[in-house]
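J.: Here is what each chain is made of, one letter per residue.
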Amino acid sequence: MCSSERFRNIVYQLALLSLIGALMGYAAYNLVHNLESRAIAIGFSYLGQEAGFDISEMLIVYEPKHSYARAFIVGLLNTLFVSLVAIVAASLLGLIVGIGRLSPNWLLRKLAGAYVETVRNVPLILQLLLWYGVLTELLPPVAEAIVLGPAYLSQRGISLPWPTAHAGWWAALLGLLLAALLAFLWARAAKRRRDLAGRAPAVLWPSLAAGVLLPLAGWAVFGAPSEFSTPTMAGFDFEGGKTVSPEFIALFLGLSIYTAAFIAEIVRGGILSVSRGQSDAAEALGLSRGQRLRLVILPQALRVMIPPLTSQYLNLTKNSSLAVAIGYPDLVSVSNTTLNQTGQAIEAITLMMAVYLAVSLAISGLMNWYNHRVRLVER
Amino acid sequence: MFNKKPLCRSLAALSLGVAAGSTFAGPTLDAIKQRGTLVCGVHTGLTGFSAPDKSGKYAGIDVDYCKALAAAILGSPDKVKYVPLTAQQRFTALQSGEIDLLSRNTTWNSKRDTTMGSVFPGVWFYDGQAFVINSKKNPKVKKLADLNKASICVETGTTTERNMADYARANKLTFKPVVFEGQEATEKAFQSGRCDAYTTDSSGIAAMLVNLPNKGDYTVLPEIISKEPLAPMLRRNDQEFFAIARWMIYALQQAEESGVTQANVLRMKAESKDPAVQRLTGATAEVGKGLGLDAEWAVRALQAVGNYGESYERNIKPLGLVRGMNALWNKGGLMYPMPLD
Numbered sequence: 110m111c112s113s114e115r116f117r118n119i120v121y122q123l124a125l126l127s128l129i130g131a132l133m134g135y136a137a138y139n140l141v142h143n144l145e146s147r148a149i150a151i152g153f154s155y156l157g158q159e160a161g162f163d164i165s166e167m168l169i170v171y172e173p174k175h176s177y178a179r180a181f182i183v184g185l186l187n188t189l190f191v192s193l194v195a196i197v198a199a200s201l202l203g204l205i206v207g208i209g210r211l212s213p214n215w216l217l218r219k220l221a222g223a224y225v226e227t228v229r230n231v232p233l234i235l236q237l238l239l240w241y242g243v244l245t246e247l248l249p250p251v252a253e254a255i256v257l258g259p260a261y262l263s264q265r266g267i268s269l270p271w272p273t274a275h276a277g278w279w280a281a282l283l284g285l286l287l288a289a290l291l292a293f294l295w296a297r298a299a300k301r302r303r304d305l306a307g308r309a310p311a312v313l314w315p316s317l318a319a320g321v322l323l324p325l326a327g328w329a330v331f332g333a334p335s336e337f338s339t340p341t342m343a344g345f346d347f348e349g350g351k352t353v354s355p356e357f358i359a360l361f362l363g364l365s366i367y368t369a370a371f372i373a374e375i376v377r378g379g380i381l382s383v384s385r386g387q388s389d390a391a392e393a394l395g396l397s398r399g400q401r402l403r404l405v406i407l408p409q410a411l412r413v414m415i416p417p418l419t420s421q422y423l424n425l426t427k428n429s430s431l432a433v434a435i436g437y438p439d440l441v442s443v444s445n446t447t448l449n450q451t452g453q454a455i456e457a458i459t460l461m462m463a464v465y466l467a468v469s470l471a472i473s474g475l476m477n478w479y480n481h482r483v484r485l486v487e488r
Numbered sequence: 006m007f008n009k010k011p012l013c014r015s016l017a018a019l020s021l022g023v024a025a026g027s028t029f030a031g032p033t034l035d036a037i038k039q040r041g042t043l044v045c046g047v048h049t050g051l052t053g054f055s056a057p058d059k060s061g062k063y064a065g066i067d068v069d070y071c072k073a074l075a076a077a078i079l080g081s082p083d084k085v086k087y088v089p090l091t092a093q094q095r096f097t098a099l100q101s102g103e104i105d106l107l108s109r110n111t112t113w114n115s116k117r118d119t120t121m122g123s124v125f126p127g128v129w130f131y132d133g134q135a136f137v138i139n140s141k142k143n144p145k146v147k148k149l150a151d152l153n154k155a156s157i158c159v160e161t162g163t164t165t166e167r168n169m170a171d172y173a174r175a176n177k178l179t180f181k182p183v184v185f186e187g188q189e190a191t192e193k194a195f196q197s198g199r200c201d202a203y204t205t206d207s208s209g210i211a212a213m214l215v216n217l218p219n220k221g222d223y224t225v226l227p228e229i230i231s232k233e234p235l236a237p238m239l240r241r242n243d244q245e246f247f248a249i250a251r252w253m254i255y256a257l258q259q260a261e262e263s264g265v266t267q268a269n270v271l272r273m274k275a276e277s278k279d280p281a282v283q284r285l286t287g288a289t290a291e292v293g294k295g296l297g298l299d300a301e302w303a304v305r306a307l308q309a310v311g312n313y314g315e316s317y318e319r320n321i322k323p324l325g326l327v328r329g330m331n332a333l334w335n336k337g338g339l340m341y342p343m344p345l346d
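In the order they appear, the protein sequences are chains A and B.
For what it's worth, the numbering used here labels the leading residue of the first sequence as 110, then goes sequentially.
For what it's worth, the numbering used here labels the leading residue of the second sequence as 6, then goes sequentially.
Simulated from the structure, these hints should not be mistaken for lab results.
If you're wondering where the values come from, they're calculated on a predicted model, not measured in any experiment.
A portion of the hints provided could be inaccurate.
[Stated by the list, open to error] Mimicking DSSO-like on lysine-lysine, the simulated pairs with C-alpha atoms at most 27 angstroms apart in a straight line are:
(1) Lys177/B x Lys174/A
(2) Lys427/A x Lys154/B
(3) Lys177/B x Lys351/A
(4) Lys174/A x Lys351/A
(5) Lys147/B x Lys220/B
(6) Lys351/A x Lys142/B
(7) Lys181/B x Lys351/A
(8) Lys116/B x Lys232/B
(9) Lys322/B x Lys141/B
(10) Lys147/B x Lys193/B
(11) Lys351/A x Lys193/B
(12) Lys294/B x Lys86/B
(13) Lys322/B x Lys174/A
(14) Lys174/A x Lys142/B
(15) Lys181/B x Lys174/A
(16) Lys174/A x Lys116/B
(17) Lys86/B x Lys351/A
(18) Lys148/B x Lys174/A
(19) Lys142/B x Lys86/B
Just chain A, with the same shape it has in the complex (with noise of 0.2 angstroms):
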């Protein structure tokens, strides 16, 4: 039985396995012992401990009584909302340059060319202290801020004026998520009709009707609030209102507008893989371009752009942690801090890779889900 192959591979895996938990077994029994050894704290009670330290920015409530652990779940939070706004800013930058670096247009081709070699060959770091630097050293300081109709463009970032919080407000929000939910199941009805009955009732205007009439409605029975909050300059800063960060700008731009050069050769890939037997069928179908490139197109060429567009997603995220260079409080910003005032580098450090490999597993099995469902059907 010894000699059996499948017994043999199995020892060997078996073996292999053994060898590398002894390894990590090994070391962490060496890192405890080590660290002990030198009165070095360890554990995670740290993060129940007060973290009086300050953040400047948040999306939960948060002030220097709470814990590390909340600071770094502020980081996170912070982390996460970065990522996500440049992931959505990157997808349609990078689909719209990867159209253009194939159209006929000649200088519309060439600009989205010389954009793309631009921007993906000078490092990500550069450009981010490009950007804040631009923001905060061309711009005007907050006493002398430029006036966007109600808006200021200052050093401080922009001061827009903000709804004051409403239930109507709230109810306007879920509105155009319900008008967002609405348009996708009739569109899903109409391609389902089209199919059977050849005809497909309209979908673009009962949606944007929905869009508008819905969050309206909302607004309106849930007593139809108009007060918004101004900003207004008060002594070193605007206050009231919603003042969107140089940090987060500068962040927001640098890691979008790198990313995009990246997704748009992706783009250009996935367009040029698709044969071109598809567009001159298409195009003796009767379709327009713009019809040709939504309806057979894009369609086809998401199967090979799936893949390496995960990756790039990945990346943003990871990248996004460049942030500490220019001063927002991400999760690695705030977790050096609490590195610092703990001392307990391992644990914050492993806390972070942790944290990082699980939000990089989640996007990359969303978009494994979503790449199963869009592969293509061999029928």
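Given chain A, work out where chain B should sit, using these hints.
T.: Same frame as chain A, now just chain B:
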């Protein structure tokens, strides 16, 4: 079935691979002597404390301490390898053994003294956290309370962030911190006007201002919000090296107290009848022997960098900082060298 083939037998051998490891961190002093260099963790660039001078060599009061130790232990102040570290790299560098000691304007506090596997041999510089503003842009700010709701640039990895938050809570003020990694990025953001104020140790502010062309535009606010006893930092459980590090501080301060300088140290050793000087220079007592060094240890250190006062004059005075707390105890300061005997 496991005893038929060599492969099966080798399985058992694998389990022996997991052996308990014991790490032997030899005493720092032996390692230094064997290596022939002292590895000193210093600041990446803080004028007066440790920054490359015009000839590209590290200079400053923290660097002088490294030089004095190298002269005492290895016989030459040049046998130092400087490892420039950011605020946040420094503790790991010390803990991991990458450096022999950290001489990098590090605040001595209980957490660092008890939970980080490190110890502080004594205070090398008394400092405190201060705030600086651009008085041209903010002419009305005269005191810290005037900075309520202001944006304040601060470097990560220091005690500064927490001190500021503590002060704000205690005084019912709101500060908006903008946190950067690295002192240069922080200073640059402040100078660009991104923040209304910049906070760090007052020596750090002085070091920044001395390099600015328009330093007249800036005002340091009068409040000092924290105690920052800056001290060298060593790994724990190494009494031998700890004693040398501690008594080096006292020796250089005792030299100032007794009037022993870089220039006159040899003459003082030969001629002085002052018992304190005789013990310091090794003419009579055997302070060096107790430290595991020779009798001349302090003489070599003094020849290398001069006494504490001389080092201060050379490095800190150009920043425009007065001696203040860093004067000797008999001159109204806090520096009180324990007696060498």
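J.: If you draw a straight line from the CA of Lys86/B to the CA of Lys351/A, is it 27 angstroms or shorter?
T.: Not satisfied, since the Cα-Cα distance of roughly 50 angstroms exceeds 27 angstroms.
J.: Just to be careful, I want the Cα atoms of Lys351/A and Lys142/B compared with a cutoff of 27 angstroms; is the pair within it?
T.: 24 angstroms, holds
J.: Hinted pair, alpha-carbon criterion (27 angstroms max): Lys147/B, Lys193/B. Please report holds or violated.
T.: 23 angstroms, holds
J.: Does the structure keep Lys181/B and Lys351/A at a Cα separation of 27 angstroms or less?
T.: 15 angstroms, holds
J.: Would you mind confirming whether the straight-line C-alpha gap from Lys181/B to Lys174/A stays at or under 27 angstroms?
T.: 16 angstroms, holds
J.: Between Lys427/A and Lys154/B, is the straight-line Cα distance small enough, at 27 angstroms or below?
T.: Roughly 33 angstroms between the alpha carbons, so the hint for Lys427/A and Lys154/B is violated.
J.: Verify the proposed pairing of Lys322/B with Lys174/A, using a straight-line Cα cut of 27 angstroms.
T.: Not OK: Lys322/B and Lys174/A at ~39 angstroms, beyond 27 angstroms, violated.
J.: Has the given pair, Lys294/B with Lys86/B, been kept, meaning a C-alpha gap of at most 27 angstroms?
T.: Roughly 26 angstroms between the alpha carbons, so the hint for Lys294/B and Lys86/B holds.
J.: What's the verdict on Lys177/B and Lys351/A, does the C-alpha distance respect the 27 angstroms limit or exceed it?
T.: Holds. Lys177/B to Lys351/A sits at ~23 angstroms (cutoff 27 angstroms).
J.: Does Lys351/A pair with Lys193/B here, judged by a C-alpha cut-off of 27 angstroms?
T.: Holds, at about 26 angstroms.
J.: Could you grab the alpha-carbon distance between Lys142/B and Lys86/B and see if it respects the 27 angstroms cut-off?
T.: 43 angstroms, violated
J.: Given the proposed pairing of Lys322/B with Lys141/B, does the C-alpha separation stay at or below 27 angstroms?
T.: Judged against 27 angstroms, a Cα distance of about 26 angstroms means the pair holds.
This entry does not satisfy hints 2, 13, 14, 17, 19, going by the numbered hints stated previously.
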